[in-house]
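Could you build all of it, start to finish, from the sequences and the hints given here?
Heads up: the protein sequence lines correspond to chains A and B, in order. Position 63 of the first sequence, counting from 1, maps to 62 under numbering that gives the first Met the number 0, and the rest follow consecutively. Position 45 of the second sequence, counting from 1, maps to 44 under numbering that gives the first Met the number 0, and the rest follow consecutively.
One or more of the hints may lead you astray.
Same chains, same label: a pair holds when it works inside one copy or across any pair of copies.
[Stated by the list, open to error] Pairs of lysine to aspartate or glutamate, DMTMM-like flavour, derived with a Cα cap of 20 Å:
| hint | residue 1 | residue 2 |
| --- | --- | --- |
| 1 | Lys432 | Glu178 |
| 2 | Lys306 | Glu64 |
| 3 | Lys250 | Glu10 |
| 4 | Lys404 | Asp261 |
Worth flagging that the hints you see were computed from the coordinates, not collected in a lab.
Number of protein chains: 2
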Amino acid sequence: MTEFTKIVLTERDMPTHWYNINADLPAAGVEMFPPLHPGTGEPIGPADLAPLFPMALIAQEVSAERYIEIPDQVQEIYKLWRPSPLYRARRWEAALDTPAKIYYKYEGVSPAGSHKPNTAVPQAYYNMKEGVTRLTTETGAGQWGSALSFAAQMFGIECKVYMVKVSYDLKPYRRILMETWGASVIPSPSNQTNSGRTILAQDPDSSGSLGIAISEAVEEAATRDDTKYALGSVLNHVMLHQTVIGQEVMKQLEVAGADWPDVMVGCIGGGSNFAGFTFPFIRENMVNGKQTRFVAVEPSAAPSTTKGVYAYDYGDTGKMAPIVKMYTLGHDFVPAPIHAGGLRYHGMSPQVSALKEAGLIDAVSTTQRAIFDAGVNFTQAEGILPAPETNHAIWGAMQEALACKESGESKTIVFNLSGHGHFDLASYDAYLKGELVDYEYPKEQIEESLAHLPQVG
Amino acid sequence: MTEFTKIVLTERDMPTHWYNINADLPAAGVEMFPPLHPGTGEPIGPADLAPLFPMALIAQEVSAERYIEIPDQVQEIYKLWRPSPLYRARRWEAALDTPAKIYYKYEGVSPAGSHKPNTAVPQAYYNMKEGVTRLTTETGAGQWGSALSFAAQMFGIECKVYMVKVSYDLKPYRRILMETWGASVIPSPSNQTNSGRTILAQDPDSSGSLGIAISEAVEEAATRDDTKYALGSVLNHVMLHQTVIGQEVMKQLEVAGADWPDVMVGCIGGGSNFAGFTFPFIRENMVNGKQTRFVAVEPSAAPSTTKGVYAYDYGDTGKMAPIVKMYTLGHDFVPAPIHAGGLRYHGMSPQVSALKEAGLIDAVSTTQRAIFDAGVNFTQAEGILPAPETNHAIWGAMQEALACKESGESKTIVFNLSGHGHFDLASYDAYLKGELVDYEYPKEQIEESLAHLPQVG
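Below you can see the structure in the form of structure tokens.
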């Protein structure tokens with residue numbers, strides 16, 4: 000009874016500001032590159048983004064201020080689940096027989112079940128403040144769509160989600176969750192947009208893709224005055240909002256009397272949970288001489304940061320989104336159908352990419368059988384069932400813990416348990432039945448898509 | 000930022016003992032009746048129960064001690080999610096436009112998603128301590144089966160769950176959850192027991208029932224030396240273990256600076272979440288002159304406490320379980336297939352029954368469209384998606400809040416949000432599509448089954 004299992008903070012201990020890493024990058028020698036217009040290839044300004052995003056978010060996207068105050072009305076919604084708990088994984092440490100001390104931050108306690116509402120809530124809030132009454136977005140497996148549906152409901156905004164048709168048909172639970180929060184969910188491609196109709200004319204049975212769904216959501220926002228668009232990862236303001244995670248972790252480790260982390264591990268798809276978890280600590284490395292190692296884990300099937308190039312590329316398949324400098328596999332790269340749907344993206348957050356390029360973070364990749372081995376091992380020790388995306392972080396932490404067992408070192412390892420797997424049980428079923436397929440590094444497919452990068456910058 | 004949304008406690012604030020209401024019932028004039036042997040009709044002793052339960056639990060079942068210490072190893076597992084948060088439902092109060100102050104305890108934060116692990120963990124622990132290496136149980140929709148699978152995994156005990164076949168086929172997610180925690184899950188009726196084989200011989204396509212699944216689980220435990228049985232509700236020791244809920248609520252209301260509750264609301268099937276939530280407060284009514292009103296809400300389709308009789312009856316359809324004095328609809332009553340599968344039981348906890356008979360608690364019933372109306376109303380205000388069972392408690396709290404709106408009273412209403420609905424989204428889908436069927440009070444069916452009560456006591 001003397002040793003704690005988890006550290007909870009009260010609402011009084013919540014971070015009051017988001018941390019904007021852009022304020023610290025120049026002094027650390029980390030270069031950021033301006034986004035370019037997808038049509039002209041020229042740097043874009045606020046006016047170019049205004050049809051899609053409210054001005055407050057556009058301002059945050061380019062802000063150089065180090066700390067941006069979290070509005071009271073956002074805090075009120077955050078308090079429905081924040082601060083989230085930080086656990087010491089004592090039972091897992093014992094199961095792994097490691098001298099390492101393992102901690103994990105649990106973001107699955109949010110109503111939508113992941114870290115995604117950390118940005119969905121402020122995005123819905125700023126839209127509401129500027130008089131926007133409708134939001135559109137796209138979703139694959141449904142994590143982001145459900146987070147935005149929840150957030151829009153909290154501020155009385157209508158929400159329309161274009162959901163990739165194959166997921167809409169095969170994964171009804173997240174669709175129903177979105178509808179229960181009042182959203183309307185449309186299988187994409189649909190006949191409600193030009194983008195959708197064009198696809199359906201070519202292939203009436205199209206099962207859709209995230210690229211097509213983005214095009215539909217963006218088109219609807221761009222063509223209706225009352226409607227704007229919301230994106231769940233990649234952009235600077237999304238990374239910004241997620242920094243409540245890392246700030247809480249820092250306070251919780253202090254309350255726990257823990258050592259400063261030797262290594263912090265997160266999974267990356269677009270980069271937002273990793274960014275939110277690590278950026279406050281990366282600042283300590285950059286500014287205060289700390290020496291934490293940061294490990295980003297991505298799937299072998301979508302290895303943008305480990306096998307892609309650092310180059311200007313379109314954010315979407317349809318070339319409607321801005322061109323940004325990032326690690327990319329090429330905008331027409333389509334990842335294999337791994338269960339970690341949230342990590343199936345061809346690019347990476349420009350901020351995370353710049354940090355990787357500067358050598359401030361490490362990236363590794365692995366296959367889905369390996370990450371389910373790690374995830375089930377964790378679940379049987381700690382009880383919590385993680386999302387397949389999160390299992391990448393667990394795999395990464397497990398490698399570090401097993402290395403400590405080998406070396407005898409008692410490192411402090413902290414990872415981000417970004418979401419629960421309650422809506423992903425079909426993937427666990429496949430794993431337990433031995434039916435899970437591994438997808439290795441798709442070298443030739445990547446070489447082909449990288450041949451189509453835009454000739455800019 | 001000045002008003003709190005939820006009260007979290009640290010692990011140092013966890014209750015150290017369970018509260019045993021049997022210690023206070025005699026002085027309050029509440030009579031309890033001894034359980035009888037299903038074969039002889041005579042009072043049963045510990046030896047009769049020994050094939051099914053470890054001695055520590057049998058001792059708790061009949062204990063007159065007021066406070067029973069929670070073992071350290073149980074506390075260590077409780078700490079994976081306890082203390083659970085208490086919320087002030089400010090957003091729902093505003094949506095209902097009520098002067099009432101509404102609080103809710105959220106038990107959905109456990110790994111299995113409900114209050115059930117509060118008893119599954121000590122049950123697995125005491126079995127482990129007495130050298131039991133295997134546990135059997137039955138499950139309908141899977142809440143209890145998943146709780147026991149989780150708990151057994153935590154103590155390295157094998158777990159075998161007989162799952163009603165129709166649920167096994169139609170609701171694979173909870174089956175997969177149990178398997179991920181290492182349990183083996185068998186569709187019932189099975190060919191692994193005499194009870195199952197008898198049913199299959201009569202009807203090879205039987206879709207099963209909770210009564211049959213209980214018989215299979217009990218038979219296997221009774222006939223194997225290494226195996227015992229675990230039950231998730233009804234029994235005294237189950238009510239006992241759940242009292243961590245109410246004890247935490249009492250501390251949290253104090254931290255919140257809240258008034259003493261005017262009314263507390265919970266749903267009832269076998270009675271355990273209601274018991275755990277209210278018993279520590281019922282003691283304050285019985286012993287310290289408090290005047291809280293306690294409201295138990297049950298489905299119209301299984302209205303044991305509102306429409307049944309207070310009589311001796313079998314705990315199961317197969318007449319293998321002890322005969323207990325309780326509110327019952329008759330042991331061969333089969334409730335309509337409502338979505339709140341956890342409330343489809345013909346009887347009620349003897350302790351809860353005795354309190355109802357003594358006038359210390361109230362009971363009401365309602366239909367499933369009404370409880371989903373209330374549940375969706377709540378979800379759209381507070382974000383959390385409740386289980387269908389829990390929606391009964393929400394409906395009850397809503398009636399109290401609307402009565403306050405009518406009267407202008409600012410009562411303090413507290414309800415137990417006993418579990419999340421992440422595995423129940425099909426029922427929300429039916430509700431949103433207007434396809435939910437209401438089942439009214441089945442008067443004639445109850446009259447018929449009540450004609451078969453045992454002639455004892």
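Consistency of the hints with the structure:
1. Lys432 / Glu178: Intra 32 Å, inter 10 Å, cutoff 20 Å: inter-copy only.
2. Lys306 / Glu64: neither (33 Å within a copy, 65 Å between copies)
3. Lys250 / Glu10: both (13 Å within a copy, 17 Å between copies)
4. Lys404 / Asp261: Intra 15 Å, inter 56 Å, cutoff 20 Å: intra-copy only.
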